[in-house]
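> Listed below, chain by chain, are the residues.
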Amino acid sequence: MITYPVFSYQKAKRMVNHQEKQTPIIEIKGLNVRTREGEILKNINLKIPRNKIVVLLGPSGCGKTTLLKSLNRLTDLHKELQVSGEVLIDGVDILKVSRDLPAMRQKMGLLSQRPFPLPVSIYRNVAYGLKLKGIRNKDLIAHSVETNLKRVGLWDEVKNRLNSPANSLSIGQQQRLCLARGLAVKPAIILADEPTSALDPISTRIIENLFKELKEHYTIILVTHVLRQAVRLADHVVFMYYGDIIEQGHPDDILKHPKTEVLKKYLVDGN
Amino acid sequence: MRTWKVWEQQLARGISFLAAYSVIFILLFLLFVVFSKGLKALSWETIFSLPKGGYYFGGEGGILNAIVGSFYLSVGATILAVIIGVPAALFINVQLIRLKRTQNTIRYLLDALWGIPSIVYGAFGFTLMLLLGLHASLLAGIITVALLITPILVRAFDEVLKTIPVELQEASFSLGSTKTETALRVIFKQGLAGFITALLLAFGRGIGDAASVLFTAGYTDNIPVTLDEPVATLPLSIFFQLSSPIEEVRERAYAAAVVLTFFILLISVSARFLSKRYAKNIIK
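Chains as they are written, first to last, in this note's numbering: chain E, 430 to 700; chain Y, 41 to 324.
By construction, these hints were calculated from the structure, which means they are not laboratory data. Keep in mind the model is a prediction, meaning the values are calculated, not measured. All residues carry an ideal CB built from backbone N, CA and C; glycine is no exception. Some clues are possibly wrong.
Which chain E residues face chain Y? A few, computed with CB under 8 Å, are given here [what the hints assert, rightly or not]:
1. L506
2. A532
3. L561
4. K562
5. P594
Derived lysine-lysine pairs resembling PhoX-like cross-links, with alpha carbons at most 20 Å apart [unchecked claim]:
6. E/K525 to E/K508
7. E/K588 to E/K567
8. E/K471 to E/K508
9. E/K562 to Y/K219
10. E/K536 to E/K615
11. Y/K140 to E/K508
12. E/K525 to E/K458
13. Y/K140 to Y/K202
14. Y/K219 to E/K536
15. E/K644 to E/K481
16. E/K476 to E/K458
17. E/K615 to E/K562
18. Y/K202 to Y/K219
19. E/K508 to Y/K219
20. E/K641 to E/K579
21. E/K471 to E/K458
22. E/K560 to E/K615
23. E/K562 to E/K536
24. E/K476 to E/K525
25. E/K615 to E/K481
26. Y/K219 to E/K525
27. E/K560 to Y/K219
28. E/K560 to Y/K229
29. E/K508 to Y/K202
Computed footprint of chain E on chain Y, listed as stretches where at least three residues anywhere in the stretch have a Cβ under 8 Å from a Cβ of chain E [unchecked claim]:
30. 138-151
31. 204-216
32. 222-231
33. 311-324
Please build the complete structure, drawing on both the sequences and the hints.
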């Protein structure tokens with residue numbers, strides 16, 4: 430008699446989840462970004478694993494920010510940038526998407542170097558993305574605003590002045606507000622472009638701790654040139670130099686045992 | 041060497057002081073002349089009554105027709121300019137963000153339009169009026185003044201929008217906005233204070249311009265009830281009264297000038313007040 434293995438539903442689900450976790454959330458194939466003056470990114474091939482903090486490291490002008498902006502096609506705002514190649518987000522090439530671009534962008538929350546809250550109240554900043562998604566239920570929006578402000582540790586500081594302008598917050602609070610605003614649209618990825626460069630050490634530590642908590646549910650791609658920050662946060666380091674990926678891997682391998690001269694030099698004098 | 045530097049510093053300071061205070065002096069002198077001459081002839085009757093028979097020859101009445109007419113014409117023209125100007129300024133700054141050369145060409149053309157003398161707009165409006173089969177009327181005046189102030193409104197608003205950081209647009213796009221949503225919900229709100237200034241600047245130019253309405257709006261002693269009727273304006277009222285050989289009528293021209301100056305000052309103060317009020321949400 431032949432016996433077939435019996436799979437329970439839970440077990441099957443766990444297997445699917447495990448398989449899903451193994452597949453990269455972003456796969457970049459042959460990405461080139463150039464201007465008339467020259468190449469900014471040269472044939473980038475990179476797989477970004479799920480639920481990890483991936484740090485893009487490198488000196489100023491090496492293409493880290495351009496790479497980050499290529500992921501949600503903010504490069505579209507700059508005509509001088511010519512982009513080619515493939516950027517697969519969960520298997521869909523964002524560079525080929527046209528009508529669904531806003532929905533694709535909602536999968537990726539963005540934190541820029543300096544916080545840019547929208548020119549509305551604190552409440553409406555967090556509610557903005559939800560309204561774009563077509564959510565009109567006021568209770569649902571209020572719940573989401575509260576949940577996400579709590580998540581970034583801002584709720585207690587602003588709960589009595591939700592209708593105040595967002596620009597009345599300190600820079601550190603504004604950055605957390607921007608993070609809450611991004612989380613409200615339930616992204617899968619957080620793109621962070623030197624998000625602590627304008628912050629004081631206390632606000633920096635708050636953001637870093639938040640990232641550590643958030644990686645349970647999100648993939649975080651962090652651009653930084655602060656080595657210590659990379660050491661503190663990275664699960665995977667990508668070192669870039671003049672538009673190329675020079676080395677990538679686990680931070681212990683990359684930062685403690687660099688293979689290339691360029692990285693060795695960068696780790697010594699940061700240039 | 042040191043003495044020369046001190047002397048140079050003092051000279052530069054003196055020139056700056058003179059330049060700044062001469063501007064203030066000119067403004068105060070202008071206000072003094074207009075108000076000292078006009079207040080004598082200004083009365084409630086001047087403001088609240090229509091001209092009666094022979095008003096321009098020293099007869100009784102007032103300039104209510106010109107006050108209301110100017111208001112109708114400027115409001116109408118400003119509404120028309122906003123309908124055309126706001127989408128145009130947003131289009132230049134959001135939709136054309138990647139096309140710098142097109143943006144610059146449009147800006148250059150708008151600057152050229154801004155520089156064209158208003159009498160040319162008057163002549164153009166007159167030609168347009170004949171082509172459309174209109175006669176001198178409120179509508180023709182509105183169209184002509186709108187043509188005059190639209191470039192002013194667009195460029196003034198555009199200058200405000202230009203200062204908005206691209207990162208704010210990026211923040212909006214990354215939340216899933218389309219270009220139109222970004223333009224209306226983010227860029228417009230960020231530029232709202234500047235827009236109000238631009239709006240009132242354009243309104244002020246519209247209410248004070250005589251040449252553009254000379255051929256197109258006509259002139260009447262009545263308040264127009266329909267767009268098809270001619271309309272009196274304060275600048276033309278001043279012009280007609282100042283041209284009179286009768287001393288009393290010329291003095292009344294200054295009374296009309298007081299009213300017009302008051303409106304312009306009111307607009308200027310309102311612009312400051314409103315732009316400050318709406319600037320509270322601006323991200324700097």
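> All the hints need checking, so say for each whether the structure fits it.
Now for the hints, and whether the structure bears them out:
| no. | hint | in the structure |
| --- | --- | --- |
| 1 | L506 | holds (6 Å) |
| 2 | A532 | holds (6 Å) |
| 3 | L561 | holds (5 Å) |
| 4 | K562 | holds (7 Å) |
| 5 | P594 | holds (5 Å) |
| 6 | E/K525 to E/K508 | holds (17 Å) |
| 7 | E/K588 to E/K567 | holds (17 Å) |
| 8 | E/K471 to E/K508 | holds (18 Å) |
| 9 | E/K562 to Y/K219 | holds (15 Å) |
| 10 | E/K536 to E/K615 | holds (7 Å) |
| 11 | Y/K140 to E/K508 | holds (8 Å) |
| 12 | E/K525 to E/K458 | holds (13 Å) |
| 13 | Y/K140 to Y/K202 | holds (12 Å) |
| 14 | Y/K219 to E/K536 | holds (18 Å) |
| 15 | E/K644 to E/K481 | holds (6 Å) |
| 16 | E/K476 to E/K458 | holds (9 Å) |
| 17 | E/K615 to E/K562 | holds (11 Å) |
| 18 | Y/K202 to Y/K219 | holds (16 Å) |
| 19 | E/K508 to Y/K219 | holds (15 Å) |
| 20 | E/K641 to E/K579 | holds (16 Å) |
| 21 | E/K471 to E/K458 | holds (11 Å) |
| 22 | E/K560 to E/K615 | holds (13 Å) |
| 23 | E/K562 to E/K536 | holds (12 Å) |
| 24 | E/K476 to E/K525 | holds (19 Å) |
| 25 | E/K615 to E/K481 | holds (17 Å) |
| 26 | Y/K219 to E/K525 | holds (18 Å) |
| 27 | E/K560 to Y/K219 | holds (15 Å) |
| 28 | E/K560 to Y/K229 | holds (16 Å) |
| 29 | E/K508 to Y/K202 | holds (17 Å) |
| 30 | 138-151 | holds (count 3) |
| 31 | 204-216 | holds (count 12) |
| 32 | 222-231 | holds (count 4) |
| 33 | 311-324 | holds (count 5) |
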